[in-house]
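Visitor: Got chain Z sorted already, so can you dock chains F, Y and V onto it with the hints?
Number of protein chains: 4
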Amino acid sequence: MTPEAVDSRWQLPAIPQSARAALLDERTAAEAAGYGRNIENFIGAVRIPLGLIGPLRVNGLHASGDYYVPMATTEAALIASHSRGARLITEAGGCTTLLLNEGVSRAPGFAFDSIVDAALFVAWATTQMETFRKIASETTRYGRLIDLQITLEGNHVYLGFEFTTGDASGQNMVTIATDAICQYISANAPIHLRYYFVEANLSGDKKATTHSFTTVRGRKVTAEVRLAASLVTSRLHTTTERLMDYWRMSALGGVMSGSIGVQGHYANGLAALFIATGQDAACVAEAAVGVTRFEPLDDGGLYASVTLPNLIVGTVGGGTGLPTQRACLEIMGLAGAGHARALAEVTAAVALAGELSITGALAAGHFTDAHRRLSRGTAPPVRTSASS
Amino acid sequence: MTPEAVDSRWQLPAIPQSARAALLDERTAAEAAGYGRNIENFIGAVRIPLGLIGPLRVNGLHASGDYYVPMATTEAALIASHSRGARLITEAGGCTTLLLNEGVSRAPGFAFDSIVDAALFVAWATTQMETFRKIASETTRYGRLIDLQITLEGNHVYLGFEFTTGDASGQNMVTIATDAICQYISANAPIHLRYYFVEANLSGDKKATTHSFTTVRGRKVTAEVRLAASLVTSRLHTTTERLMDYWRMSALGGVMSGSIGVQGHYANGLAALFIATGQDAACVAEAAVGVTRFEPLDDGGLYASVTLPNLIVGTVGGGTGLPTQRACLEIMGLAGAGHARALAEVTAAVALAGELSITGALAAGHFTDAHRRLSRGTAPPVRTSASS
Amino acid sequence: MTPEAVDSRWQLPAIPQSARAALLDERTAAEAAGYGRNIENFIGAVRIPLGLIGPLRVNGLHASGDYYVPMATTEAALIASHSRGARLITEAGGCTTLLLNEGVSRAPGFAFDSIVDAALFVAWATTQMETFRKIASETTRYGRLIDLQITLEGNHVYLGFEFTTGDASGQNMVTIATDAICQYISANAPIHLRYYFVEANLSGDKKATTHSFTTVRGRKVTAEVRLAASLVTSRLHTTTERLMDYWRMSALGGVMSGSIGVQGHYANGLAALFIATGQDAACVAEAAVGVTRFEPLDDGGLYASVTLPNLIVGTVGGGTGLPTQRACLEIMGLAGAGHARALAEVTAAVALAGELSITGALAAGHFTDAHRRLSRGTAPPVRTSASS
Amino acid sequence: MTPEAVDSRWQLPAIPQSARAALLDERTAAEAAGYGRNIENFIGAVRIPLGLIGPLRVNGLHASGDYYVPMATTEAALIASHSRGARLITEAGGCTTLLLNEGVSRAPGFAFDSIVDAALFVAWATTQMETFRKIASETTRYGRLIDLQITLEGNHVYLGFEFTTGDASGQNMVTIATDAICQYISANAPIHLRYYFVEANLSGDKKATTHSFTTVRGRKVTAEVRLAASLVTSRLHTTTERLMDYWRMSALGGVMSGSIGVQGHYANGLAALFIATGQDAACVAEAAVGVTRFEPLDDGGLYASVTLPNLIVGTVGGGTGLPTQRACLEIMGLAGAGHARALAEVTAAVALAGELSITGALAAGHFTDAHRRLSRGTAPPVRTSASS
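Chains as they are written, first to last, in our numbering: chain Z, 1 to 388; chain F, 1 to 388; chain Y, 1 to 388; chain V, 1 to 388.
No lab work stands behind these hints: they were computed from the structure. Mixed in with the good hints there might be a few duds.
One copy or two, it doesn't matter: identical chains are merged, so the pair holds either way.
Said to hold, decoys possible - Below, computed lysine to any residue pairings styled on SDA-like, alpha-carbon distance capped at 25 Å:
#1 134 <-> 369
#2 134 <-> 366
#3 134 <-> 33
#4 134 <-> 90
#5 134 <-> 372
#6 134 <-> 187
#7 134 <-> 365
#8 134 <-> 299
#9 134 <-> 183
#10 134 <-> 3
#11 134 <-> 373
#12 134 <-> 164
#13 134 <-> 297
#14 134 <-> 91
Just chain Z, with the same shape it has in the complex (with noise of 0.2 Å):
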């Protein structure tokens, strides 16, 4: 990070000068010596234009009052969209959002010569879990081993430990923990162990996978609202009737197309929200998928919920303290210690919000519209709370 470094790699051929210009302004150029532990190889930074969507009302139990969530994207209408479906929620009363589970794993793998061998090992493993608890918990002050998933297949098996990370989204240190633990059983243990790797692919980390999707990786929230017929009518312009039709047909469409889980636009309102707040914009891959389910209420009204089981999220650690993230954590009073639950709280509303809106405005046919007249440059104002 030193500026003798950052100005050799400028130096390289064939690269712009107006680049650098572009990538390194002064006030990144100042904060560059508090990227140390976030960036390698620093050349200056990368600006996302940020939105504000709200007030959004969150009834949870970690997440309570209306919010205004800041989102960063290029892509045009993502915040009108989200804003409205936000605004939509506020009006009918709220969304009620619940942290179901929590948890991070690593999936250490060890080949042995046999299955006997492998039984063996497992029968050991399992006698072992204090041990294991105890040699994470010298790694991290915050991870806690909570449990341990055992899958045999042949002569091999999956070790997948299982953490909470505390406020912390914590992929590092249950990769450091689960090392830790790894080369305790590569020392002790009473059978002849081929080889392994810390990592083998079974946790899910980085992809949308099944396992991930029936279980949790990060924080599994869920979150529903009631929508009164007329506010069905007056802010989303179509009918409870039609907007069965879409979720039936879009659930169906959904499963054709071999998803995981069956939901609309998940990936738009959490890159956004990630990349704003400074969470790993890689697990996009792994926390877009989820339920999203609409019911037809007795009353003519809808009721609409969503179910996000891989929210790798955190307010500590990675990119969540570095100026501008912080910032936008602050905001919504999320940043630091404390708040990562209800982070995780608000995030569901947030997905709840966007899939609201999107098929609204499909069913209604206003999907076209929107994007074209805000990504042709033809828009009208797009109101919220505070410019309406």
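Guide: Below, chains F, Y and V alone, put in the same frame as chain Z:
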């Protein structure tokens, strides 16, 4: 985007003014007028640190030469790992890349009274391809309707309109074209149409799906490299045999996790490259699938390939024209029209670099060390060819 | 199949002679000479009890009329449940069925030195379609090569040869034709071919796959029925609303279980029909996927449809000519050439009958009762229209 | 089952009397009284030819010794192929098998007014485990409730009750037990329950699902064998290297086909064994998933393993007590109580035999020949150790 509107958002209750200072820096404020087609409810910008990897030698159909690739992330070790992989590929003589296929689809859904009506509609629709093509062409200069895939489920019909999109990633383009086609269908279909939606969730938009994985969504690219045994030893500090052990165990780990395809961590490289270059970051959800394959070579070396069928990337449109994002494309010489296919091939090469490096680290037992050092701030210098 | 060979097997040590008496009954022994193309290492026959369901009214493109369908099973309640569904469909005026698509594929895999070679091979192979077709036609009277799907992964190429197979299910036919094509390729491809295999596991043979599910394997059929509210009440003892509640919850249950498609119990009806009619029972693994959809009708009734894309069924070849199996086809008037498409439509209608009955039982709370009574031997008489 | 009822079915219009002669043979008619708990609407029996494979040496936890395995099929080459694999395993010293896990689940679904109610219900349900266990135990002598898995999705709760089922496959047992628990819940839950269904499609019953694949459904078994290089050459007529080439290409072929797990043709062996031994043939749909792995050994030999997590098999109940089916179990010495685990291990060994033989044939280029000869009637004698 007026200063007054921006101001009014910053004056919402409970939003800390320190956040404004961080997010609405001078440069961002100065550029804001140019963000109009990328954001709504604008309040500032997030700065994502940028690192440079390379040189990465690509011997492709569309990309050719030694690339320095800018990647934006807040995750420690990501840049260092990809840079190590890039330099290894270069030292091996470069990787071969090949764009295999292109296409982006929208899948409107149509509901009829009966299976018979649905079938009659399909019979009619298949005769209208030329008309559909003409209608589409009137909405876009660059998009071209190239295929129509029909899925009938009971009395529902999904029409999968597939387009090439020139140098844009093209999602808005295909939405607008499909909407025009739907309006024609709605007005002219000789069968009673109960209702339709311009997107019925069969297109795989913004999510990992087996349908997209087994066809194409965006651009499908494959990349391969051959590493001499001496390079495996000297640069990855392991052996071909151990890499094969890892590949086998991790491929089956992926299978048992229920992932779509089998790979390690495409999402890391994709997210960092997408954010740097103004791609739609939500598309990481769909792009981060594919197949990584390792094979032992007769001479003791390693063959490695990646195949990514869902690269939604472009060099025009979306966020690609914003100042910092365009600068990142310029660093690679890939800004503007004529470069999307090359960008897709470079992206696959970056994914290959990431897979080699991370797999090498796991096989050599260095994976945890790198993350511990770089994220906890005790890192020795990371070499680039520039700084070494 | 000589009596001496059969005898010698029965004289193997430790095999009880009581088993011989049960398995090698007189009728079987008398028929054995006709089993030569269906079994090796012959020792006798297993008797599977056969029940008759119906009448099942089918208003199809290929099947038309009221069918009594023989089904072989050892599972209590299966016949009773399907018969209830069949009679309900008939009372509702019958179901509409539609054969949508046909095709069975083999997918040989070819390995090359490099991606470039693989691409050159693909370029050559696409010019050889007429030759492939001619070669295939010389191996089979009934099979016809209709399509070629190409999948390139690194330096590997999978060629998906798709055939229509007349009235046979056709797996052997397409294997033999594909083998002949592969021999031509091996002798004539102008690119260095490292090795190839006549089937490289991309065809979906004998397993549930999303690839087959999203295209076709065997015959793709959809079936629908409309039940008046009064029928739902009188025959299923529940309401359309409750059936919708069930469908919604069970569709999402299926999604969360990670099934391919969403349905209830196709496998029951398929297995019993396949065994009765001499189909390949192993194909239940691939055939038992699809989509069941329920919708409420404006008049309070229920719309129900099933779509099964992977029905591997035939009326000639395989086990269809064995005495009891042929008799079962004759009961439906579907034995021999000219009837495979009708059999596929009847099969879908049977699946629809099964879904309606079991869903009705679950919604009405009768599911367990039926299983308890019929499997534990306290069953009251089950009505067929014949016995009622 | 009265002769009069059977007669009345055979007198339905348009049913040919020749069919009656084939299906209602004397032996079947004589046995019919014993079919009462296995069939309704009885009209006769289907005869499925039976072949014997072996000897198959199994060194298992529960199965031990050389087995001759009866398999019922109408598909040419199936028996010959499995027998070849069985004898190869035996010649290699036998395969090791290991029963890893057991459990069959039912997953009732419960609907509440809100997420909060759903969560309160979950909190209550988790306190009732002892009561649930007691209720379950009153409905069955053999089944035992061992686990409860909770899935909350919006205001819906799925309770996954998992049971061991003794020597039965157990599906009826767990349904009846779960129904009793549901009635208790319905009467006693302190939360307003809108409605529930005793099975809400999360249990994986009768279909391939990633949930069952990643846990257990029925019995989970793994089996392995080591083949010396000389055996690969002499018996499979290929080399370890070529088998590895095949495994790699076919594993990725399976991945790209979107299968659940990766394997070749488990369904063939499972269907034939299930039909022979009175298992529920519909369960082939769920059982035919798993992982086949090949590895090269240092001495040039081949390591091969199969892991099947969803073997729904039993030796009591269902069709296992019918005359021919029981005789098939007796041939293996596995009839009646105390043998279900051994049967599961033998089943995995049969799957391993099938994989080795078919893979060998594909690698050696003999696959098509075998099918051509055996299905088209020009086959030379197939050896068993008995007849050779």
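Visitor: So, for every hint listed, does it hold in this structure?
Guide: Consistency of the hints with the structure:
1. 134 <-> 369: Between copies only: 20 Å across chains, 58 Å inside a chain, cut-off 25 Å.
2. 134 <-> 366: between (57 Å within a copy, 23 Å between copies)
3. 134 <-> 33: neither (35 Å within a copy, 56 Å between copies)
4. 134 <-> 90: So residue 134 and residue 90 fail the 25 Å test inside a copy (46 Å) and across (44 Å) alike.
5. 134 <-> 372: Answer is between: at 19 Å across copies they meet the 25 Å cutoff, but 57 Å inside does not.
6. 134 <-> 187: Within one copy, since 16 Å is at most 25 Å while 45 Å is not.
7. 134 <-> 365: For residue 134 and residue 365, only the inter-copy Cα distance (22 Å) is at most 25 Å; the intra-copy one is 58 Å.
8. 134 <-> 299: neither (55 Å within a copy, 41 Å between copies)
9. 134 <-> 183: within (13 Å within a copy, 44 Å between copies)
10. 134 <-> 3: neither (42 Å within a copy, 56 Å between copies)
11. 134 <-> 373: Intra 58 Å, inter 22 Å, cutoff 25 Å: inter-copy only.
12. 134 <-> 164: within (14 Å within a copy, 33 Å between copies)
13. 134 <-> 297: Answer is neither; intra-copy 51 Å and inter-copy 37 Å both fail.
14. 134 <-> 91: So residue 134 and residue 91 fail the 25 Å test inside a copy (49 Å) and across (44 Å) alike.
The structure fails to meet hints 3, 4, 8, 10, 13, 14 from the earlier list, while all remaining hints are met.
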